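2 protein chains.
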Amino acid sequence: MRDLLPEETRIRDYLTHEIAAIYRRWGFQRIETPALERIEFLTAGQGGENEKLIFKVLKRGEKLDLAAAAGEDDLVDAGLRFDLTVPLTRFVASHGSELPMPFKALQIGSVWRAERPQRGRFRQFTQCDIDIIGLEAPFAEVELIMATSECLTALGLRDFTVKVNDRRLLAALAASCGFSADQQGAVFIALDKFDKVGLDGVKADLTGFDERAVGRLLDILSQSGQARSVGEFARNAGINAGIETPGSTVAELEEIIGRTALPPESGARVVFDPLLIRGMGYYTGAVFEVWHKDYPFSMAGGGRYDKMIGRWLGREVPACGFSIGFERLVTELAQKGIAGAAAPRRIAMLFEDGGVFAAQERARGLRTGDTVVSVLPRAKRMGHQLEELRKQGYSEAWLVGNDGARQLSFEQKAQ
Amino acid sequence: MRDLLPEETRIRDYLTHEIAAIYRRWGFQRIETPALERIEFLTAGQGGENEKLIFKVLKRGEKLDLAAAAGEDDLVDAGLRFDLTVPLTRFVASHGSELPMPFKALQIGSVWRAERPQRGRFRQFTQCDIDIIGLEAPFAEVELIMATSECLTALGLRDFTVKVNDRRLLAALAASCGFSADQQGAVFIALDKFDKVGLDGVKADLTGFDERAVGRLLDILSQSGQARSVGEFARNAGINAGIETPGSTVAELEEIIGRTALPPESGARVVFDPLLIRGMGYYTGAVFEVWHKDYPFSMAGGGRYDKMIGRWLGREVPACGFSIGFERLVTELAQKGIAGAAAPRRIAMLFEDGGVFAAQERARGLRTGDTVVSVLPRAKRMGHQLEELRKQGYSEAWLVGNDGARQLSFEQKAQ
Chain L
0 MRDLLPEETR
10 IRDYLTHEIA
20 AIYRRWGFQR
30 IETPALERIE
40 FLTAGQGGEN
50 EKLIFKVLKR
60 GEKLDLAAAA
70 GEDDLVDAGL
80 RFDLTVPLTR
90 FVASHGSELP
100 MPFKALQIGS
110 VWRAERPQRG
120 RFRQFTQCDI
130 DIIGLEAPFA
140 EVELIMATSE
150 CLTALGLRDF
160 TVKVNDRRLL
170 AALAASCGFS
180 ADQQGAVFIA
190 LDKFDKVGLD
200 GVKADLTGFD
210 ERAVGRLLDI
220 LSQSGQARSV
230 GEFARNAGIN
240 AGIETPGSTV
250 AELEEIIGRT
260 ALPPESGARV
270 VFDPLLIRGM
280 GYYTGAVFEV
290 WHKDYPFSMA
300 GGGRYDKMIG
310 RWLGREVPAC
320 GFSIGFERLV
330 TELAQKGIAG
340 AAAPRRIAML
350 FEDGGVFAAQ
360 ERARGLRTGD
370 TVVSVLPRAK
380 RMGHQLEELR
390 KQGYSEAWLV
400 GNDGARQLSF
410 EQKAQ
Chain F
0 MRDLLPEETR
10 IRDYLTHEIA
20 AIYRRWGFQR
30 IETPALERIE
40 FLTAGQGGEN
50 EKLIFKVLKR
60 GEKLDLAAAA
70 GEDDLVDAGL
80 RFDLTVPLTR
90 FVASHGSELP
100 MPFKALQIGS
110 VWRAERPQRG
120 RFRQFTQCDI
130 DIIGLEAPFA
140 EVELIMATSE
150 CLTALGLRDF
160 TVKVNDRRLL
170 AALAASCGFS
180 ADQQGAVFIA
190 LDKFDKVGLD
200 GVKADLTGFD
210 ERAVGRLLDI
220 LSQSGQARSV
230 GEFARNAGIN
240 AGIETPGSTV
250 AELEEIIGRT
260 ALPPESGARV
270 VFDPLLIRGM
280 GYYTGAVFEV
290 WHKDYPFSMA
300 GGGRYDKMIG
310 RWLGREVPAC
320 GFSIGFERLV
330 TELAQKGIAG
340 AAAPRRIAML
350 FEDGGVFAAQ
360 ERARGLRTGD
370 TVVSVLPRAK
380 RMGHQLEELR
390 KQGYSEAWLV
400 GNDGARQLSF
410 EQKAQ
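Top to bottom, those sequences are chains L and F.
Note that numbering that gives the first Met the number 0 has the first sequence beginning at 0, numbered continuously upward.
Note that numbering that gives the first Met the number 0 has the second sequence beginning at 0, numbered continuously upward.
By construction, these hints were calculated from the structure, which means they are not laboratory data.
There may be inaccurate statements among the hints.
In this list, chains with the same sequence are indistinguishable; a pair is considered to hold if it fits within one copy or across any two.
What the hints assert, rightly or not - Calculated pairs, DMTMM-like style, for lysine to aspartate or glutamate (alpha carbon to alpha carbon, straight line, at most 25 Å): (1) K62 / E48; (2) K292 / E135; (3) K202 / D72; (4) K335 / E48; (5) K58 / E114.
Here the structure is a predicted model, which is why all the values come from computation and not from measurement.
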């Protein structure tokens with residue numbers, strides 16, 4: 000886990016604030032769930048592979064009986080959340096009657112995963128999610144994509160691509176190729192690696208499945224770039240015609256692609272990508288990701304998960320979400336620089352002898368807007384101190400002593 | 000642990016943002032440390048009673064050997080932080096060379112304590128701390144009190160009292176009454192309860208100690224209100240005259256009291272309180288708390304802890320901090336209402352039939368500044384929906400259908 004130093008924290012705070020301001024204007028309302036959830040809830044099967052990475056919290060007091068403990072499960076009763084979606088489903092199930100419906104939720108918060116430390120991966124990291132609960136396709140999908148695209152555009156991202164697909168279309172495709180329903184999970188997992196391993200890699204991964212089905216699937220996918228619409232892709236793939244009726248999966252996807260209005264200055268577009276899978280098992284409809292040619296990873300991702308909240312309520316609740324890859328965005332934008340996140344004007348008010356209170360008084364009047372005024376003791380080597388202040392981003396300095404104040408020049412270092 | 004719903008989160012976000020903006024203008028820079036720290040570090044004795052309340056995290060993988068575990072200590076390797084001060088000392092020891100000195104740190108973040116749940120106490124709560132590292136008394140003390148008072152004033156608190164005392168003065172007082180150095184901790188703990196139990200309660204708590212020493216201590220404290228200055232109190236108490244020389248504890252305290260300029264509109268004042276103790280063992284000099292006659296608890300508290308960072312570095316580093324009682328402030332201010340945190344203008348853009356994309360287009364142009372525009376499907380019972388929207392704070396609504404848009408009246412409920 001890492002500490003965040005002042006400059007990085009400043010950029011993160013700026014991004015958080017900008018993103019929240021935009022989403023708020025769209026009607027998303029920020030909520031917070033606790034970092035700790037009951038362990039039974041976190042390990043109920045919604046989190047996929049992430050459930051293996053939970054930091055588990057030891058029982059306390061009388062509840063902890065080490066002698067009687069047969070295994071890990073007897074020792075723990077809580078865990079740190081590994082994402083913001085699983086806690087949201089509990090939140091909505093618990094507080095549904097207090098929430099407007101549809102409910103547009105914004106969450107920005109830390110999640111924890113006990114992953115092997117590696118470059119660019121952290122065991123505590125920030126997620127930034129919006130979700131719309133209680134709104135059917137394609138309305139929620141269109142709004143999530145529009146709002147998130149506005150955020151990314153405001154942060155300076157240009158010419159990005161929003162890829163969309165649908166889990167039901169994938170299921171129909173797998174079925175039409177001859178895979179049984181219980182083989183679909185494995186097929187999706189293999190397809191999900193396409194970006195990294197290519198068609199040959201996917202083929203190798205599907206060894207053991209019916210060869211004709213695999214061959215047919217890979218044929219369709221390798222030719223998918225030629226389809227001019229989702230409907231044409233479905234027809235070429237021989238997918239059951241029912242999927243093309245109004246209100247169908249194909250019609251929904253076409254509506255998402257055709258009707259999502261992205262900010263004109265973004266240069267962005269929404270496209271159909273039959274190879275887009277997304278890892279989590281909980282998706283039930285549309286899935287989407289934001290990609291940019293300069294980056295080998297997605298900038299945002301999400302989809303529809305209509306059955307998840309229902310697990311706690313016993314009735315299905317429409318739900319769809321979109322998550323910005325906050326950590327990646329911070330890294331990229333911090334390297335490029337963000338116009339709006341420019342450092343503030345910094346003034347150093349150095350005091351010597353009895354000047355500290357006069358320095359505080361002088362500083363008071365200058366602290367307006369973004370201007371930072373820091374009162375600091377004059378160092379013995381003031382030239383060196385000024386050089387350090389200049390490096391820290393100070394553009395103005397004063398020396399306040401018994402005889403009053405005088406402005407210092409950053410050029411005139413020697414004293 | 001609790002979920003935070005939209006309205007509470009909005010007020011918390013407003014407070015966080017306002018407090019951070021003010022502290023930033025004073026030159027405080029926000030940093031973040033991880034939620035999890037190594038367990039040996041958290042239990043090294045700096046956290047006092049809080050160390051008993053740590054949520055401990057189970058070891059993972061091969062490190063966890065249940066069969067060989069003799070006790071709790073063998074099972075855990077990390078814990079959730081119980082405050083922001085102890086992690087800050089590690090942060091400064093780790094990153095000192097990358098930080099400006101003096102370093103003015105701002106931390107706003109969650110801490111966790113496994114307390115018995117009770118009204119107004121939470122197991123996860125937010126702390127809001129500023130600390131100045133590398134600056135001697137009384138400069139850091141004065142700045143911390145001034146900056147925090149500006150925050151509290153900006154949030155609407157008036158006529159509050161900043162009480163100050165000094166651990167060295169308390170030690171000298173205990174010594175002059177006849178207590179030995181190793182009795183001081185117990186004496187301070189007893190005195191700390193004075194607010195709740197009165198002088199008689201303190202006396203009962205000090206049963207077993209030398210009766211003359213106890214009598215003398217209580218005499219001095221019961222008459223302390225008559226002293227017109229720290230120096231007079233010290234003389235009356237027969238405290239060693241050395242403490243009154245320039246640069247001494249008495250001189251420092253008098254300077255903090257006399258020189259701290261509070262915002263004129265605050266109606267606040269700084270006073271000496273020889274009964275102010277503060278619980279933590281790590282304080283080495285001045286301690287201070289903010290009180291208001293309407294509240295039976297302090298709104299903020301802090302003090303100097305010069306020996307804590309030194310534990311990790313092997314050399315003493317001056318350090319002084321002030322923490323705003325964020326949760327209490329939220330509760331109080333949410334009840335009173337905060338002028339600046341007024342709810343935004345909310346517009347509902349309802350769509351029916353094919354109007355959703357026209358509604359999104361219309362909404363786009365209206366989303367400026369703080370204005371919230373939420374695109375929502377028209378409910379079957381639109382009058383009921385408008386009533387719900389009004390309750391949620393919407394002041395304007397439009398209906399967008401195939402034939403264009405028309406404004407709806409919140410009065411004209413029936414449809």
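These are the hints, each one checked on the structure:
no., hint, in the structure
1, K62 / E48, "between (28 Å within a copy, 21 Å between copies)"
2, K292 / E135, "neither (31 Å within a copy, 53 Å between copies)"
3, K202 / D72, "neither (39 Å within a copy, 49 Å between copies)"
4, K335 / E48, "neither (33 Å within a copy, 46 Å between copies)"
5, K58 / E114, "both (23 Å within a copy, 13 Å between copies)"
When each numbered hint is compared with the structure, violations occur for hints 2, 3 and 4.
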